[in-house]
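> Got chain C sorted already, so can you dock chain V with the ligands onto it with the hints?
Residue numbers (my numbering), protein chains in the order written: chain C, 360 to 639; chain V, 2 to 239.
Since the hints were derived computationally from the structure, they do not count as laboratory data. The structure displayed is predicted, hence computed values, not measured ones. Be aware that a few hints might be false.
[As the list claims (entries may be wrong)] Below, in silico cross-link-like pairs of lysine-lysine (PhoX-like), each with a Cα-Cα straight-line distance of 25 angstroms or less: (1) V:109 x C:586; (2) V:112 x C:585; (3) V:109 x V:120; (4) V:109 x C:585; (5) C:586 x C:397; (6) C:586 x C:363; (7) V:109 x V:168; (8) V:120 x V:154; (9) V:120 x C:585; (10) C:586 x V:112.
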Amino acid sequence: MFEKLALYLQYPFVRYALIVGILIALCSSLFGVTLVLKRYSFIGDGLSHVAFGAMAIAAVLNLTNEMLLVLPLTIISAILLLRSGRKAKIQGDAAIAMISVAALAFGYLLMNLFSASPNLSGDVCTTLFGSTSILTLSRRDVWLCAGLSLAVIVIFILFYNKIFAVTFDEDFSLAAGVNANHYNLLIAVVIAVIIVLAMNLVGSLLISALVIFPALSAMRLFHHFKKVTICSAVLSVVCALLGILISILAGTPVGSTIVAVDVVVFGICYVVGAVTGGFH
Amino acid sequence: MALLTIRDLSAGYDSHAVVSGLNFTVNSGDYLCIVGENGSGKTTLMKTLLRLQEPIGGEIIMGDGLQKNEIGYLPQQTMVQRDFPASVREIVLSGCQGRSGLRPFYNKAEKALVQENLKRMGISDLADHCYRELSGGQQQRVLLARALCATRKILLLDEPVSGLDPKVTADMYDLIAKLNREGITIIMISHDIEAAVRYASHILHIGTTIFYGTKDAYRESSIGKMFLMQQEGGEADV
Ligand SMILES: Nc1ncnc2c1ncn2[C@@H]1O[C@H](COP(=O)(O)OP(=O)(O)O)[C@@H](O)[C@H]1O
Ligand SMILES: [Mg+2]
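With the rest of the complex left out, here is chain C (with noise of 0.2 angstroms):
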């Protein structure tokens, strides 16, 4: 096994596979905390179909460079999600799932209608699903990946303590003559990357269990804000990359194989919260 794994490794899109994977499961992580707390996760998942259908529109333009399309989309909705979300509660659930429902839609219907694709219904899957198989990512997309994940985690760093303040008490923080709209409009446009990124590694349907479930785990087994997003971040990445890892050895479908392990961590998790309360 071990050798067969040795061989992978000598090519070089396996390695590049690998880095992307643990950047982007790093980068989805840390803002995962965030979602979860400000009850965004609902956006996230809106935004994931949304991501699906600028996938589709994207596809039956033959676009050759897709993110172009899909990445202003998505934070364009992000955007418009968050305004909606903050005016009317009950309304704005009601606008992201018909925004999302509409999407995935619309993304299939324009897919059927006008893809040339010889094997249509494998396409759909892969976005709905991330590809079979990591490796296929081109050099490019690679290099987009990297980049983008960098920015999102010196975002993160350098207004740590500005979004757990906003997380925590956005009035309070607007009371201190903090600029808490800004921050919210940086934290829906950095979700809004993440979900784009992670779209590539496990698909449109199954980005919110990659965002969300490190930060559950963490959440299960640490009390402070810190810990508990350095845990998270942890989680994430040795998730990915036994999930990676695995699925090349058994030849798995990388998205929800990550996923598959990132559910067993949370399951592990919670019971060594239930038992020890947790660890100070």
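This is chain V with the ligands only, laid out in the frame that chain C set:
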């Protein structure tokens, strides 16, 4: 000039006023208590004073060199805060976010300020504890320490004692009175009128009739008499 001057203020949601026709001033060192029935718009007024929402009409004038990032606020507790994984130190440190501006990390002076305010609230030994595992009274002290990191001038407190038992409530009131004696202006929402007239220097009563004046004037006013009697009667029933 007064710290805050409120002229003909209306506050509410979506251009529907919940309270209107408010005129009052808050001077440095005042202890203003805002009282009134549930749903009379006390929280709405406080959020408007804090600029969390736009006034529907009238104006709020800040004086005495009061800056936007020199205001401490203790909100009514929200659901999100209750299960939030954060240590006491992390939360109190976030009180420095207004003064740290765009600087990404907190500096030595801000960390020292946190230490000082933890001590002032008597919770130094809880610094590394998890916020959600504290008692209600301890949680309020943490939020008060955070508010003190944001200001040396004025605190706005929204029902700081709701849900606390009588002994802890009395301690909390004493703590706030002590801060006021140290020179911090207090604006506090309470529906405990008896405590309001004991501790405050001024009372703002909102509801169908609006009263603003010193607490002695409030005791003499018809609305004050009525309310004080009602509450005593209410408590006698229990
Ligand atoms: N976000 C909101 N949107 C619309 N109306 C609101 C909102 N929050 C409170 N209200 C209404 O404003 C009135 C005053 O509420 P509030 O200021 O919370 O009262 P109090 O703090 O005095 O109990 C209530 O009738 C309430 O229903
Ligand atoms: Mg209220």
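> All hints are to be evaluated individually against the structure, with a verdict given for each.
For each hint, the structure was consulted:
{"no.": "1", "hint": "V:109 x C:586", "verdict": "holds (21 angstroms)"}
{"no.": "2", "hint": "V:112 x C:585", "verdict": "holds (16 angstroms)"}
{"no.": "3", "hint": "V:109 x V:120", "verdict": "holds (17 angstroms)"}
{"no.": "4", "hint": "V:109 x C:585", "verdict": "holds (19 angstroms)"}
{"no.": "5", "hint": "C:586 x C:397", "verdict": "holds (18 angstroms)"}
{"no.": "6", "hint": "C:586 x C:363", "verdict": "violated (36 angstroms)"}
{"no.": "7", "hint": "V:109 x V:168", "verdict": "violated (36 angstroms)"}
{"no.": "8", "hint": "V:120 x V:154", "verdict": "holds (19 angstroms)"}
{"no.": "9", "hint": "V:120 x C:585", "verdict": "holds (23 angstroms)"}
{"no.": "10", "hint": "C:586 x V:112", "verdict": "holds (19 angstroms)"}
Violated hints, in rising order: 6, 7; the structure is consistent with all others.
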